[in-house]
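J.: Residues per chain, in single letters:
There are 2 protein chains.
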Amino acid sequence: MRIAIVGAGAIGTYYGAKLAAGGNDVCFLVRTGFETVKENGLHITGPDEDIRVPQVNAYRSTNEIGKCDLVVVAIKTTSNDLLAELLPPLIGDRTTLLTLQNGLGSEELLAGLFGTERVMGGLCFICLRRSAPGVVHRYDYGHINIGEHGRPPRDRTRTFANEFQKCGIKCGVVDDLMLERWRKLVWNIPFNGLTILAGGIDTAAILSDPDLDEAAVQLMHEVIDGANRCGFQLESSAVEEQMKRTRTMGQYKPSTLVDFENGKPLEIEAIWGEPLRRALAAGAGMPRLQQMYAALKSLDRLEQAQ
Amino acid sequence: MRIAIVGAGAIGTYYGAKLAAGGNDVCFLVRTGFETVKENGLHITGPDEDIRVPQVNAYRSTNEIGKCDLVVVAIKTTSNDLLAELLPPLIGDRTTLLTLQNGLGSEELLAGLFGTERVMGGLCFICLRRSAPGVVHRYDYGHINIGEHGRPPRDRTRTFANEFQKCGIKCGVVDDLMLERWRKLVWNIPFNGLTILAGGIDTAAILSDPDLDEAAVQLMHEVIDGANRCGFQLESSAVEEQMKRTRTMGQYKPSTLVDFENGKPLEIEAIWGEPLRRALAAGAGMPRLQQMYAALKSLDRLEQAQ
Numbered sequence: 001m002r003i004a005i006v007g008a009g010a011i012g013t014y015y016g017a018k019l020a021a022g023g024n025d026v027c028f029l030v031r032t033g034f035e036t037v038k039e040n041g042l043h044i045t046g047p048d049e050d051i052r053v054p055q056v057n058a059y060r061s062t063n064e065i066g067k068c069d070l071v072v073v074a075i076k077t078t079s080n081d082l083l084a085e086l087l088p089p090l091i092g093d094r095t096t097l098l099t100l101q102n103g104l105g106s107e108e109l110l111a112g113l114f115g116t117e118r119v120m121g122g123l124c125f126i127c128l129r130r131s132a133p134g135v136v137h138r139y140d141y142g143h144i145n146i147g148e149h150g151r152p153p154r155d156r157t158r159t160f161a162n163e164f165q166k167c168g169i170k171c172g173v174v175d176d177l178m179l180e181r182w183r184k185l186v187w188n189i190p191f192n193g194l195t196i197l198a199g200g201i202d203t204a205a206i207l208s209d210p211d212l213d214e215a216a217v218q219l220m221h222e223v224i225d226g227a228n229r230c231g232f233q234l235e236s237s238a239v240e241e242q243m244k245r246t247r248t249m250g251q252y253k254p255s256t257l258v259d260f261e262n263g264k265p266l267e268i269e270a271i272w273g274e275p276l277r278r279a280l281a282a283g284a285g286m287p288r289l290q291q292m293y294a295a296l297k298s299l300d301r302l303e304q305a306q
Numbered sequence: 001m002r003i004a005i006v007g008a009g010a011i012g013t014y015y016g017a018k019l020a021a022g023g024n025d026v027c028f029l030v031r032t033g034f035e036t037v038k039e040n041g042l043h044i045t046g047p048d049e050d051i052r053v054p055q056v057n058a059y060r061s062t063n064e065i066g067k068c069d070l071v072v073v074a075i076k077t078t079s080n081d082l083l084a085e086l087l088p089p090l091i092g093d094r095t096t097l098l099t100l101q102n103g104l105g106s107e108e109l110l111a112g113l114f115g116t117e118r119v120m121g122g123l124c125f126i127c128l129r130r131s132a133p134g135v136v137h138r139y140d141y142g143h144i145n146i147g148e149h150g151r152p153p154r155d156r157t158r159t160f161a162n163e164f165q166k167c168g169i170k171c172g173v174v175d176d177l178m179l180e181r182w183r184k185l186v187w188n189i190p191f192n193g194l195t196i197l198a199g200g201i202d203t204a205a206i207l208s209d210p211d212l213d214e215a216a217v218q219l220m221h222e223v224i225d226g227a228n229r230c231g232f233q234l235e236s237s238a239v240e241e242q243m244k245r246t247r248t249m250g251q252y253k254p255s256t257l258v259d260f261e262n263g264k265p266l267e268i269e270a271i272w273g274e275p276l277r278r279a280l281a282a283g284a285g286m287p288r289l290q291q292m293y294a295a296l297k298s299l300d301r302l303e304q305a306q
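As given, the protein sequences belong to chains A and B, one line each in that order.
Residue 1 is where the first sequence starts when you use this note's numbering, and the numbers rise one by one after that.
Residue 1 is where the second sequence starts when you use this note's numbering, and the numbers rise one by one after that.
Please note: incorrect hints may appear among the correct ones.
If several chains are the same, the list does not tell them apart, and a pair holds so long as it fits within one copy or across any two.
Straight-line Cα separation of at most 20 Å, DMTMM-like style, residue types lysine to aspartate or glutamate; simulated pairs [to be verified]:
| no. | residue 1 | residue 2 |
| --- | --- | --- |
| 1 | K184 | E274 |
| 2 | K184 | D69 |
| 3 | K297 | D209 |
| 4 | K297 | E274 |
Hint data in this document are derived by calculation from the structure and do not stem from the laboratory.
I would like the entire structure built from these sequences, with the hints used as guidance.
T.: As structure tokens, then:
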């Protein structure tokens, strides 16, 4: 299968390397660290995992890559305005677009640009750190769940999932992609946000403060209410499940906090802004999310202005 | 009138200097900058105002001061655990205690320690900056409103207000002190909090961001609801009044933000924690205040741990 990986950050590098090591013709669009990746290849490490891709099909532009069967979109959503220009050279008649990006809004953007028929999305449950171009360490988890945009799974959905599985990527197929996106936001909205707003602390520090723990729990309930109003039914028992899972994570820093500490732009609109707007439009009251969104947007703006 | 000023920060220095210049026997408890105050005296400046008190009755302990007619409590609420030890030497049979401190809880603390009968409170509407020990500049406003703790005004309330007026301090008498404390919190809770959480920005920057402006407005409504549940009736029209007043303030930094920038402890419990606890106990839902309190408490703890 000919696969383009658009964006060689941690997510793109990790899954792209696995797909390449599994025998696919994988082409990476690499914007920063191109020479390093060309020279050193890719190196993936993790629990029980040590994969090298010495010869990387790395490209500086999508024109050089040309048409692919599958285009994996793995840039930060903060760069989504580039997609209208980046993707067309990769798209043939039967090309599928799979966004592995965070939050809400990317499938709709891709559908508007390239037709809803092509668009799939995936959710990555993985803790990664990219230490250098092409070098990624996986700390925990690793599975992804993929689905169709606005429709149930079809043959190709399962074909891609099988290919991923063959390459050692745990990959599930979800019936309702948007429902699963909301379910993931039930965790990401409070924990990615509070770890920043509370001064740059990890998930264990959130849980050890009764008031921050309460803030996380209540925000989870608020997000579930927002999802339900938008037509995606999540049970409130998801809160206790996710809090329990968080207690097993130890001193975890969500990727947004790591980005913030490194002065990188935050995915404010995908993770907080778009869910807020959709929930408000559906009639939900979202006081905690509104306040968090406003504060994070300001922090991000100040940091990017420096 | 023999008056003790407990705490020679901006508030204590400003009002104490005015009361001294007006002819009262004012004794200052000065903990930092004692030598400077003794040597240079006090200097108050402001629009149409330039007052010097060359000879200051400054003391290092309340034992040296002895009994007074009026004790003005002007330390930060974060030091309130010192009051049980600090105040007794100042208190005679007919001594009145007047706390000019922020937020909720100080009157109750003083009443528990020294009897409810003695306790009065005041609200300061003033923008001050202390540039050195004894040196305070007033930027704006200046009036205070005083009242009795848990009862309507009585003769002494008006006597003190008259004395303040005679010394050039605009001083009103309020019928319901706790109602007025809540009214002030309608502004302090959102603006003192959001200016910190949004990254250290002034009130004009809050107003210029539609999402932060909305966060302030909605938090004001939440505080009003909390006050009403606690039995203190505030109209929701207070929101528009206070937002309008904020628009005239220009690029104002609330004192809490200035403290935060200077690494000083924040009055987390008086301004956010105590109102939250009282409103929740009265059955109000306070989602915005709960989240803000939790985040600010964490920021303050991190800063004080440095």
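J.: Compare the structure with each hint and give your call.
T.: Against the structure, the hints:
For the homomeric pair K184 and E274, the shortest alpha-carbon distance inside one copy (14 Å) is at most 20 Å, but the shortest distance between copies (34 Å) is not. For the identical chains of this complex, K184 and D69 are neighbours neither inside a copy (28 Å) nor across copies (63 Å), given an alpha-carbon limit of 20 Å. Taking CA atoms no more than 20 Å apart as the test, K297 paired with D209 passes between copies only; the shortest distance there is 10 Å, against 24 Å inside one copy. When the C-alpha separation of K297 and E274 is checked against a cutoff of 20 Å, the pair qualifies only within one copy, where the shortest distance is 13 Å, while the shortest distance between copies is 28 Å.
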